[in-house]
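So the first sequence is numbered by UniProt numbering: it starts at 1 and just counts up by one.
Note that these hints are calculated values from the structure, not bench results. For clarity, every value in this text was computed on a predicted model and none was experimentally measured. Hints are not guaranteed to be accurate.
Dumping the calculated EDC-like pairs for lysine to aspartate or glutamate here, alpha-carbon to alpha-carbon at most 16 Å [stated by the list, open to error]:
id	residue 1	residue 2
1	Lys-105	Glu-81
2	Lys-231	Asp-163
3	Lys-234	Asp-251
4	Lys-170	Asp-130
5	Lys-233	Asp-130
6	Lys-123	Glu-110
7	Lys-60	Asp-75
8	Lys-349	Glu-302
9	Lys-60	Asp-23
10	Lys-349	Glu-300
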Amino acid sequence: MPTIDPTAFSAALLAWYDVHHRDLPWRVSPRQRAAGVRADPYRIWLSEIMLQQTTVAAVKAYYAKFLARWPSVADLAAAPEGAVLAEWAGLGYYARARNLHACAKAVEGEHGGRFPETAAALKALPGIGDYTSAAIAAIAFDEPAAVVDGNVERVVTRLQAIDAPLPGAKPLIRNEVAALTPRERPGDFAQAMMDLGATICTPTRPACAICPVRPFCTATKTAEAERYPVKAKKAAVPARRGAAFVAVRGDGAVFLRKRPGSGMLGGMSEPPTTAWSARADGALGEAAAPFAAEWRLVGEIEHTFTHFKLTLDVWHAAVTGDPAIDGWWSGPENITAEALPTVMRKVLKAASIGTAGTDRRAAEPQTKGKRLHGTG
DNA sequence: AAATCGTGGTA
DNA sequence: TTACCAAGATT
Numbered sequence: 001m002p003t004i005d006p007t008a009f010s011a012a013l014l015a016w017y018d019v020h021h022r023d024l025p026w027r028v029s030p031r032q033r034a035a036g037v038r039a040d041p042y043r044i045w046l047s048e049i050m051l052q053q054t055t056v057a058a059v060k061a062y063y064a065k066f067l068a069r070w071p072s073v074a075d076l077a078a079a080p081e082g083a084v085l086a087e088w089a090g091l092g093y094y095a096r097a098r099n100l101h102a103c104a105k106a107v108e109g110e111h112g113g114r115f116p117e118t119a120a121a122l123k124a125l126p127g128i129g130d131y132t133s134a135a136i137a138a139i140a141f142d143e144p145a146a147v148v149d150g151n152v153e154r155v156v157t158r159l160q161a162i163d164a165p166l167p168g169a170k171p172l173i174r175n176e177v178a179a180l181t182p183r184e185r186p187g188d189f190a191q192a193m194m195d196l197g198a199t200i201c202t203p204t205r206p207a208c209a210i211c212p213v214r215p216f217c218t219a220t221k222t223a224e225a226e227r228y229p230v231k232a233k234k235a236a237v238p239a240r241r242g243a244a245f246v247a248v249r250g251d252g253a254v255f256l257r258k259r260p261g262s263g264m265l266g267g268m269s270e271p272p273t274t275a276w277s278a279r280a281d282g283a284l285g286e287a288a289a290p291f292a293a294e295w296r297l298v299g300e301i302e303h304t305f306t307h308f309k310l311t312l313d314v315w316h317a318a319v320t321g322d323p324a325i326d327g328w329w330s331g332p333e334n335i336t337a338e339a340l341p342t343v344m345r346k347v348l349k350a351a352s353i354g355t356a357g358t359d360r361r362a363a364e365p366q367t368k369g370k371r372l373h374g375t376g
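Hey, can you work out the whole structure from these sequences and the hints?
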C-alpha cells in the first residue's frame with residue numbers, strides 16, 4: 001500500500017474545502033473559524049447524533065426544531081424524555097433520542113453542564129461512540145482525532161485501493177486516517193473528508209475528474225474507484241405480520257399506549273398492537289385485540305424496517321368507555337405532537353385518523369395502505 | 001461480535 | 001420492485 005504524504009494531502013484537501021465546503025446550519029465555516037469563531041459543542045453534538053445513519057436533508061428540520069425548543073444542553077436535560085421522543089418522532093433509530101436525553105442529563109449532572117473536551121471522555125457518554133466522539137473532539141475542541149464515518153471509509157478505501165471487506169477493514173482504515181489527520185485544523189480536515197465523500201467521492205459515479213486529491217488516489221488510476229469499498233452482501237429481510245387496534249372515542253380521541261422503554265421503537269407511542277410474528281402467515285383476528293370492542297377490519301399497512309418487513313392488519317372500533325389497559329386518549333389537536341413513529345402514523349392513516357384538521361372522517365383518498373371493505 | 005435498531009431517497 | 005445507502009451505537 002503506497003504511503004501518502006500527509007502534509008501534501010491535507011493541504012490539497014483543505015484548499016478545496018475552503019472554497020467548496022457545504023454550508024450547513026450547525027457548521028462554522030472555515031472563514032468564520034479563521035476569524036476565531038468557535039463551534040458550539042452542544043450544536044455539534046446534537047447534529048452529530050441526528051446525522052448517525054441519517055441524511056443531511058432529513059436532519060435539517062429536526063435540528064432546527066430541537067435547537068429552537070432546547071437552545072442549550074441544560075434546557076434539553078431539563079425536558080421530560082417523552083417530549084424529546086415526541087420531537088424525534090419520524091427520524092428513526094429512537095435509541096438515539098433516549099441516549100441524547102441521557103447524555104444531556106449526564107453532562108449536566110456529572111460534568112457541570114459542559115461537554116468533556118477529549119474524544120476519550122466524550123466516548124464514555126451515552127450514544128457517543130468511536131465516530132461521534134472523534135468528530136466532536138476534532139470539530140469543537142481541535143483534537144486531531146481520527147474521524148471515520150461511512151464517507152471517510154469510502155474515500156480511504158479508494159485512496160489506498162483497500163480490497164479487504166468492511167467491517168473487517170475498519171482498524172486499517174482508522175490507522176490510515178490517523179496518519180493523514182493534521183495537527184492544524186483537524187476539525188476542518190474531518191469535515192472536508194466527509195464533504196468530499198458526500199459530493200465528489202460518491203458511492204456511484206464518483207467525480208474523479210474534479211477530485212482535489214486525485215493525485216493521491218490509487219483506485220482512480222485504474223478507473224476502479226466505484227469498486228470500493230468492498231462490503232459483504234446483506235441478507236434478505238424476512239417478513240413479519242401483526243395487527244393494530246385503533247379505538248376511537250366519540251370526540252375523535254384515539255387510544256394510545258407507550259411501548260416498552262427499550263427495544264424496537266422503545267419508549268414511543270402506538271395504538272395497541274399485537275406482537276409481530278416472525279411468521280408472515282399469521283392470520284390475526286379480533287381475538288388478538290387488547291380489549292373487547294366492535295372491531296372492524298379497515299385496512300392494512302406495510303412498513304420495512306432495517307431487518308424485517310412488517311404487515312399490520314388495521315382494526316378500528318368506536319369506543320365509549322375506557323379500556324382496561326394502560327394508555328391514554330389523544331385528541332385530534334394532540335395527535336401530531338405524540339411520539340408516534342412513522343409506522344404507527346401509517347396505521348392511523350389507514351384507520352382514517354387524520355393528522356391535520358379535526359374531521360377524521362374526511363373522504364381523503366387512501367394513497368398508501370390497502371383499504372379493505374369489510375362487512376359494513 | 002454478529003445482531004439489532006428507522007426512515008426516506010434513489011438507481 | 002428490489003437493493004442499497006445516509007456524519008453509527010449498543011449489546
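Against the structure, the hints come out as follows:
1. Lys-105 to Glu-81: With a Cα-Cα distance of about 11 Å, the restraint between Lys-105 and Glu-81 holds, given a limit of 16 Å.
2. Lys-231 to Asp-163: holds, 9 Å
3. Lys-234 to Asp-251: The given pair, whose Cα atoms are some 47 Å apart, is violated under the 16 Å limit.
4. Lys-170 to Asp-130: holds, 11 Å
5. Lys-233 to Asp-130: violated, 24 Å
6. Lys-123 to Glu-110: holds, 14 Å
7. Lys-60 to Asp-75: It is violated: about 20 Å lies between the C-alpha atoms, which goes past 16 Å.
8. Lys-349 to Glu-302: Holds, at roughly 12 Å.
9. Lys-60 to Asp-23: holds, 12 Å
10. Lys-349 to Glu-300: holds, 10 Å
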